[in-house]
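Novice: One line per chain: the protein sequences are A and B, in this order. For the first sequence, counting from 1, position 488 maps to 488 in my numbering; every step adds exactly one. Offset between the second sequence (1-based) and my numbering: plus 533.
Keep in mind that the hints were calculated from the coordinates and are not lab data. Among the hints, a few may not be true.
[Unchecked claim] Derived lysine-lysine pairs resembling DSS-like cross-links, with alpha carbons at most 27 Å apart:
| hint | chain 1 | residue 1 | chain 2 | residue 2 |
| --- | --- | --- | --- | --- |
| 1 | B | K853 | A | K191 |
| 2 | B | K792 | A | K329 |
| 3 | B | K853 | A | K188 |
| 4 | A | K188 | B | K792 |
| 5 | A | K366 | A | K391 |
| 6 | B | K662 | A | K191 |
| 7 | B | K662 | A | K137 |
| 8 | A | K285 | B | K662 |
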Amino acid sequence: MSDAPNILTRRGFVAMTTAAASVAAADRLFGDARSSSTKPDPALERLGAVALAEARKQGATYADLRICRYRNQSSGFRLSPQRGSNITDEVPFVFDDQSFGFGVRVIANGQWGFAASPNVTPEEIVRMTREAVGVAKANSAAQSEALELAPTKAYVDRWTSDFEKDPFTVSIDEKLDLIHGAALSIKKDPKVFSASGSLRFHSEDKYFASSEGSSIQQLIVQSYPGLRATAVDMKNGLSRSRSYKIEPQSAGWESIPKANLGENAPRIRAEVLEALAAPPVTPGKKDLVLVPSHLWLTIHESIGHSTELDRALGYEANYAGTSFLTTDKLGKLSFGSELINVFGDRTNAGGLATVKYDDDGVLTTKFPIIEKGIFKHYQTIRDQAHLIGEKESRGCCYGDSWSSVPFQRMPNVWLQPGPEGVNLNDLISGVEDGILIEGDGSFSIDQQRYNFQFGGDAFWEIKNGKKGGMLSRVAYQSKTTDFWHSCDGIAGPGYWQQFGAPNDGKGEPAQINAVSHGCCPARFRQVNVLLTD
Amino acid sequence: MFSQQDAKNIIGKVISYSKLPDCLVSVDWTEDVFIRFAVNGITTSGYTITQNVSISSSTDDKRTGNAQVTEVSDDALRRGVEQAEQMAKITPPNPENMPALPPQEYPMLANFDTYTAAARGDLLIPHVKAVIEQARSKDLVAAGFIERTANAAAVGNKKGLFGYHTYTDAEMSHTVRNRAGSSSGWAAQSSVTLKDLDGGAAARISTEKCVRGVNRKKLDAGKYTVILEPAAVGDLAGLLGFSFGARGAEQGQSWLSKKGGGTYVGEKMFPEFITLRSDPFHPKLSSTPWGASLLPNRKMSWIENGVIKNLYYDRFWASKAGKEPTSFPTELVLDGQGSSLEDLIKSTDRALLVTRLWYIRMLQPKTSQFTGLTRDGVFLVENGKVTDPVTNFRWNESPVEVLQRTTKLGTPIRVTGGETGTQIVPPLVTTEFNMASVSDAV
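One chain only, chain B, in its complex shape (with noise of 0.2 Å):
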């Protein structure tokens, strides 16, 4: 394990060899435990070490080079300096450059697992055991991925700042089709440590989808109410939490720009039970103690009963406005209200269950439009019970408007998505979500 003394003994040197007024110094490192699997036997797996020292370097003048390096040897580490500082000098001054930060109290984070640290293949290989074996039970074919890692970050400059944070993460996702190519089905779990991984329980959940799921009903494009799984509902909640710059905002290009000038802060959007907020602290996600301005990490609220709370001003922006500088939205909890997703189809007349969305793109950014694709499983839902597969469909829609027509949430579980990371959110039930046209792909 990267140590917080090797942390500070690679930002010091790095700092002792700076002739620039300011220098900021940020090392990564992660140690990687991995096993692929597919058609129901490992494929590839792997133990990595990486890491990395990234170094900015600054004039008095705002003139700023940025360089990064691998080799943490006393010559590469001296070299990545005189490359930042050379190209420093040459670059004309940045004017959104901010000045160095003092030392900071970050807080504390207790998302590091030493069970999880310390495991290997051994410790992973009886989940990927479990899963295919079910699939072998169902005659059916298992592909997917399991991860441990191990990871350090340190920030550092010459102010005397200095951070230092371990923390784990684990997941594991796996797709079950069937031999005909007719039906697949898919789980993923997802926590810092790897002991809340339970891959019995997962292939449980995909195999049923997968078996359910053939002889699916064509139904026609148009627009249906949904109930989204958790994991269809944190690409979407995180595509949302990209939006919140405030640069964009104020400046005309975002949904939460008004026509004519000003933003829709202060103003009910959604519905009273919508609550979207980042949480560095919650125990389940591997967060860091500072974010992207090094700032110590604290909670926030971007959405709070249906209101738009708070834009994300980076410290630039921030000073310009007059403002406190806010983390980056991520971390992200959509709060639920407390129904399991069995409740939720109990209480819907007709609605598809989404398992998981896929490929989702941008249309336009004004507007928060994007369009996507469901994946891994499609189901009718009449009279509250799990009626018929159906097949995929393309989606053309907006994460602002599909909350804003949400009419119930679920409970809360960590998510990782296809598209947006690891978020907290709820299965949801919305209404008039826009399935574009009939996708025949399994």
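Just chain A, with the same shape it has in the complex (with noise of 0.2 Å):
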């Protein structure tokens, strides 16, 4: 490689990082993305009967192991002014990051056990496993209930995710050129102090195998575009920043053009400025009308985390919180409006949480959690569905690494869209006073999921049934259940969008996970909308 010329070609860079590839013991096991094999490749299983071997002669009653390959890749600019002057830096970055490992999960005397390494070798694999049963029986000794898992059917299976391109062959060059130029168009009006954008993307090989007969190949792939700027106004002490908020899927390539950076980016360096100068906000009580890019989150935070299993029980107590949805109130609380319809879903196309098979090596489905506003379900895993009397996992079960402990981890939880023809201008036309809310902001909720705080990036004030100008220093605080009974309205399907989080926050050591949330615009009446600052 040394002699390769100072810009590569894009092709010469594609070869270059498939050359390069074959060589490391990750590449050589999970294979070729685009495989077109049902099974999951003889080495990889080869791996897992060493593991479920040793576990069971170490006298385990359940075990699985899995073996993880993630890769990040993430390059982009960020444009702003040189100290003390006007003239802009343009400063670039590229990243790609690999992990590989395993990880071994058992049961023995009735109690989980788990160890992981870094090294995938079948002498380290029966190390980790004799250590993963050590660990179980240990602990046996504080046990308060013996564990029970809802049965699945066993699978050997191998699956990836929907992309047109993988992204990792697009060549780091034609990355930036594209960040480059969007970045240099928000930056064109010398009144904006700083732009940035970035283009991430991530992939998941995933291997599990159990002793229940399971043997899954999977790989996910998934795009996270973004574009940011930021506006100072040094004589009065104001900073502002508005972000294009694009819809980050499991996608590959193709989803970065249907972003179309180049045409928002204008439009950015334009709201940015205005929301420079715009007026705050009167506070008070205020008609809401929230766009998918804002209201995403609302649904994570109020719905998707409330309505988790492992919350409602106490398992989460410690660091996350409960949840105000105690198990008494299955099926029968009022949770919002008879239009809201709500579904935890990992089949959904495009999602973040969408995988066939969850790391409990369960099917995936879509179920009902909300229902015409009455709470129907929980989120559950294998190890605790028959605590609330079910027969059978939701699938919602995942680590976030080789190195961690799979647990309960949110779905796709999305809202139902409302009726055919129901659109944007219909919500806002209804309003005498109220704000638009894009994109988010800051967001904050108690440890119960029940009083919430949530600003936005962007807000435009709606007078008269009409959108006006933009407004600033917005906030609305209320409590979820009385926030999703003020739902009068939801745009019909033709506005359904997903947006989401790569980083959803979870568990001790703590987890991440990626979501989406699909909704259509939605009106809320009478919130109460606080001044910032």
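With the hints as a guide, bring the two chains together.
Specialist: Here it is in structure tokens:
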């Protein structure tokens, strides 16, 4: 590689990465992302068998092994002024991180044990399986109840998430060119202080083998584009930012051109300058029209987290918290207005939590969480379903790394669209005094998911049914069930978008989870609006 | 344990594979033993080893590529170097890229404890049992987490820079709730050694808070004098530390920016008794001998006797400003005044005693305004005594203003906050704390 030209051609770069990739153990094991095989790689299955045999030998009554390889590539630009001048520095960045290892999980003496290592060899798998059994047996000294796993079928399968073009095969210079052009467009007006943009791509190669006969290989590819502008008014001591919030998706490079970065950059430029001069909101009760780039986060915090069974049962009490939705409310509580129908779903196209099998080896599904405003179902995994009398898991198990213990994580939680024909203007025209909010900003909710306060990325006044100019310093505060009962309008299916995030935190040691929340614009009546600073 | 020789081998190999003028390598290795418990029993636990090799390669004309791998085979390391170098070659020059550092004299830190590094589940379980037994004795329900880590960190580059350091850390936190779900108490301990943890002592605090917390009084939202326990102060101090960046301050984006230009460095903005500093040598902190810039870590005052003393200058910004680079504001210590928490309570006529804070998010960086909630124990203090339990609140506040309105400080201890990591901070009394709305959550 030493004689490579200073600026590689795109073809040259792809060829190099493919050649280099052929030498690492992870690549040998996981093979070609485009494999048409319906069965896991035999080398992975051989390693799985090593763990399962050793676990059995050590007295485990259940065992599973996950071998995982993750890749995160991010590239982009920051355009910002030099110190003490208006001259712009263009600062590029590019990172390509990989992580590879295995984790083995066992049940012995009726208790979970787990061990993990980055050295994926048969010898290390044997050693760590013994460690995991040792951990389980030691812990049985402080056990409350014996574990019970909801039954699941055994699957032998290989699955790949939907993507047309592998984003890791697109050259770095093409990615940097795209972001550079969009950032330059934002920074075109010298009144814009700084502009930045990034393209991040994530892949997860996962192999799962269980003592119940499952052997599953899966590949997930996700894309996260973003643009941001900041404006500063030194004289008046003000600073405001505006982002182009783009749907992050379980998708490949094909999702990037659809984001139309070039067309949206000038809009962000104009809006950050308008936001800098925007008048502060007058606080009080107002109607809100929330569009999907904002509403996804309100769904996530108030519905997604409150309907997690592990929280309701107290398993997260020390960190993420519990839930106001205690099990006596299941099937009874009126969560919101009759318009509110919400699903948990790990099968929907493009969702960041979409996968065919969860990390318990359970075939994933779509299930109702709220039906016509009534709370119907929790998110569950195998070792907790029986605690509320359910016969099977709803497939919500996930560990964010080979070194992380899988536990209950959120599926895609999405809000069903309103009737066909209802459009955004219909929602706005029904508002006398309100605010339209786009994009996510500051967000905070209590440890039982009840009292929340959300900001946003951009705010427009609505007066007498018309969208007006931008406002600043807006946040709204409500209680979960009050808020969802105040919903009196949801736009039709043509407006449905699914925004989300890669980094939802939960658990100890802390783990992250990628999740999407599809929705349409919706209207909420008489919500308490605050002036924030 | 990942030894100094292991580190030298990996760094040496990476550098030998590198063809570009600059190659910076950092290696992080962690062995983690942890136990999670809930509903008065152990739930999940594990023994894990993780490692990362980060490679940053640069050309003479400041093009930089960065790669990270976890495999340490020759093939995998070679691949990581090739990836970093190929990316560097096709990336435009980075005007903020700084020249590679020559060898540095890193300080010696004494924060590795062999007892902690060797500890397995059998030494952690007694703490868990102590918590669960105390909770059960009061018919309460405990959930929590205990963890110890043994860590090695190493850095090296083509100019001959090399550093290696090992450190340990241990922490335990837990929450105790009553079966009706109407009260919650919390306690936590953390140190560089497991020997400093005492599950039984911590459980006495959490169970007392939980037992006292039943039948909470509902007070109106509004501005209150509050006594913040150290865990709450730690989060606010950590958030304040993050805001000391010179770039943001000089370019009008921070509370340290003056209207019209300039910063508040050198100006007295806080009471005389407020001193906030970084102390990587503090024996209770799991520091490394170098910071993010790889310069030797050193003590640094950010606020001294109420005066803004320094800002955080990374190497690039320092070179433009004609200043010495400073370490990032971590390993924070907020100096105290020697009083105990009990002394602060005794000397207060009326206040809210706050155990800890939760879900803190920034509202406006320019004014350092945040929102968050209280959690796991708010109590009314009247005439020097803790009286009634009180409901939780959502608050909208600025850590800057909280310190400006502080009237008394207690004795600093190490805390690990929910949002910002580890600090050494005291409890404090501050006035006019803005409780924006009542939170019914328990």
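Novice: Looking back at the numbered hints, which does the structure fail to meet, lowest number first?
Specialist: Going through the list in order, the structure violates hints 2, 6 and 8 and respects the others.
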